[in-house]
Amino acid sequence: MDTRTYAGRYSDGKTAATAAVTVTIGDGIGIAGASGPVRWTYQHLQAAAPLHWRDDEVLLRNDEFPGATLFIADPGFASALLKRAPGLSPSSHRWRYAVPGLLITAAVLIGIGAVYGLGLNPAQDVAALVPHKLRVSIGEQAVKGMIGGSESCSSTDGDKALAKLVNELSKATESGKDFNVRVVKSAIVNAFALPGEQVVLYEGLINEAQSADEVAGVLAHEMGHGIELHPEAGIIRSLGLTALIELLASGQSGTLTNTGALLLELRYSREAEHQADAHALRILKNANISPRPFSGFFKRLLKGGSSDGKSDASVNMGIFSTHPPTPERAQMAADAATYPGKPALTDAEWKALKAICG
Amino acid sequence: MSDITQGPPPLPAPAAPPSLPVTGEPVAFSWAGKTWGLAGLGFFNLFLTIITLGIYHFWAKTEVRRRLSASIRVNGEPLEYTGTGKELFLGFLIVLFAILLPFQLALFGANLYLGPAGGIVAFLILPFFWYLYGVAVYRARRYRRSRLRWRGVRGALAGSSWSYGWHNLWTSVVGSMTYGWLTPWRDNMLHRETMSATRFGDRPFKYLGKAGPLYPTYALAWVGSLVLLLLTLGFAAAVLWPASQPLRDAIAHAPTLDNGQPDWKSPEIKAHWPLIAGLIAAGYGFLALYGLIASVLWSLFYAREYRYFTGETALEGLRFNLEVKGWSLFWLFFSNTLMSLLTLTILSPVAEARVARYFVNRLSSEGLIDFAAIQQSQARLSKTGEGLAEAFDVEANSYFILSI
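Residue numbers (this note's numbering), protein chains in the order written: chain E, 1 to 358; chain Z, 359 to 762.
Keep in mind that the hints were calculated from the coordinates and are not lab data.
Wrong hints could be hidden among the right ones.
Which chain E residues face chain Z? A few, computed with CB under 7 angstroms, are given here [as the list claims (entries may be wrong)]:
hint: 1; residue: A49
hint: 2; residue: L59
hint: 3; residue: G67
hint: 4; residue: Q141
Think about it this way: if two alpha-carbon atoms lie no more than 25 angstroms apart in a straight line, the pair counts; the simulated BS3-like pairs of lysine-lysine are [to be verified]:
hint: 5; chain 1: E; residue 1: K354; chain 2: E; residue 2: K299
hint: 6; chain 1: E; residue 1: K185; chain 2: E; residue 2: K351
hint: 7; chain 1: E; residue 1: K14; chain 2: Z; residue 2: K741
hint: 8; chain 1: E; residue 1: K14; chain 2: Z; residue 2: K564
hint: 9; chain 1: Z; residue 1: K564; chain 2: Z; residue 2: K683
hint: 10; chain 1: Z; residue 1: K683; chain 2: Z; residue 2: K568
Built from N, CA and C at the ideal position, the CB exists for glycine as well.
Produce the complete structure using the sequences and hints provided.
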């Protein structure tokens, strides 16, 4: 039983005045002063800073008496108090501090792990909530942004051929969605799916293809992306990531994205590519178009040459950067060629499509 | 060891006007903390911040503030910082979702629907964000002042953050048009707005200063650094121009490319690449030297501001005094910057403590104050803190003691 008394100053927190008091450590902290004795229990005790047993001065508060403070400038007090109230020591303070932080980290890591492990796709779920009209509107704007200054191609016969191809494939998607395909005059060998069932097809790809069936395969693949809402999900994911980075950098990054660059730089994950490929093969089957040419198209690109000697740059910048062709994908398409199929377009229509850009 | 004295007996002052306090005590400030002892905290904070992917930052900041405040003694009793990391974190989350995210979406939409013209939206929103920055500064101050206590009595910042934001914005805009000559007037005006709204308990601080006394030192710093710049440029030219003679000769005689430019890769010029590197390094060296000396000049002005602002501040019967000199202020910030850089900010709590110690040791007061007459603040406490300020990176490089 500690019968030592300590000199302290007590403030009731109602004014800035203090009174001299004597403090004892026993069953709680006893404070004896002019206005009668007060007892502070250990569980309600708080220290302004973690107590070290060597501290010369201690400042205490009590959450039962808000605003009240007790200041003891006596060297022995800290060590005596710590024996009775170990919760005020730096280690328990650190533990109390570190635990929430570590719990949050654990929660975040578990959350990320769950998203990946369980194949959850929150961005896609959010994308599904966006109304269709808005998605189409965003997509149309995105197309404008992506095309930039390049012209859209159009010719009477080419348009007819394209429309026939697109309608055939759209019906075959069995998704009830109507796709809108635009051909753009550019040597880039690529095609993009954009939000709202918009598809951009570059002239370079049409020129690189050796038959309408190859183009059909590429279009079916892009439609697969559209059905799965990959473009929309990608944008949402990117916005979400930016917000997350802001949070982690505690508001110090302040980055804002440029849409056009954003959409061009979307790299579809292997998972997304796989889903789009599966849709492509299904669509081709429904439309009775053979996937063998589609597979051949991949194989040609993999070999690195282009059929009419165009520079590799346009090939590399296009299809390799956003839709990396892999032997697996080529093989998957080849394996699906279990039926003969019929050509997607007649020779005349294919010629017209090739000439759509004049 | 503290030495708390009761105030002197009531002064017999029949000639004094009735408004002068006749009871009260003097106030002395002291620094009772370790500075280098915070090195461990710095390391601990950095480590936890990294493994929690940055989220611990709010708690790290709070812990540093708590320790600094506990080291500041008024009449031997410490200040208390009662803010929590959770408040800072929540404040930031609120701003993230209520302001930053909508702004991102708006910018995204503008970019999408207006194309390059969408940049106009960013341009238009800029003044709005500039305004919000001022609001953020004020709100952050309000948070910090309301979370500081002495003897259990809280501080407070009354006034309106919205009006401060506006003042901050328009004086900033006009100030930029005056090549900085509006600065002393602006600093004085904003300081008055903030200081006279500050309370200890229910008592307001009074600020009695004007902009005029600040101008002589400002002019010294402004003109001085301009003259210094011209001198540096002149000196640099005088040294570097002749030194570059061999290089210029080589360029004159070097083979030219098809477009008329000299061939930088030709062996004649390549031989002089060490000289080129040397010239560039010397150029940076001159700039750095200018920067250093100009900083000293400007430190003279900042020291003047701190001294003047503090000297014109009153609380009840107290007047304050700050003995800050330009040269020592410069050295303090310079050495801190070096320290922080070299240790990758692990020692930033130590830097904070050094600054706090510097100012507290130079702070004193005269007059008497009756503490019993100061009531607890009744201002409403906000539950969250500084979200805007975090989002805008307000006073990120400012020390806690200076941004209270």
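Going through the hints against the structure:
1. A49: Holds - the Cβ of E:A49 comes within 7 angstroms of chain Z, reaching about 4 angstroms at its closest.
2. L59: holds (5 angstroms)
3. G67: Holds - the Cβ of E:G67 comes within 7 angstroms of chain Z, reaching about 4 angstroms at its closest.
4. Q141: With Cβ-Cβ at 4 angstroms, under 7 angstroms, it holds.
5. E:K354 to E:K299: Satisfied, since the Cα-Cα distance of roughly 21 angstroms is no more than 25 angstroms.
6. E:K185 to E:K351: Since the Cα atoms of E:K185 and E:K351 sit roughly 16 angstroms apart, the hinted pair holds (cutoff 25 angstroms).
7. E:K14 to Z:K741: holds (21 angstroms)
8. E:K14 to Z:K564: holds (22 angstroms)
9. Z:K564 to Z:K683: holds (24 angstroms)
10. Z:K683 to Z:K568: Satisfied, since the Cα-Cα distance of roughly 20 angstroms is no more than 25 angstroms.
Violated hints are absent here; each numbered hint is respected by the structure.
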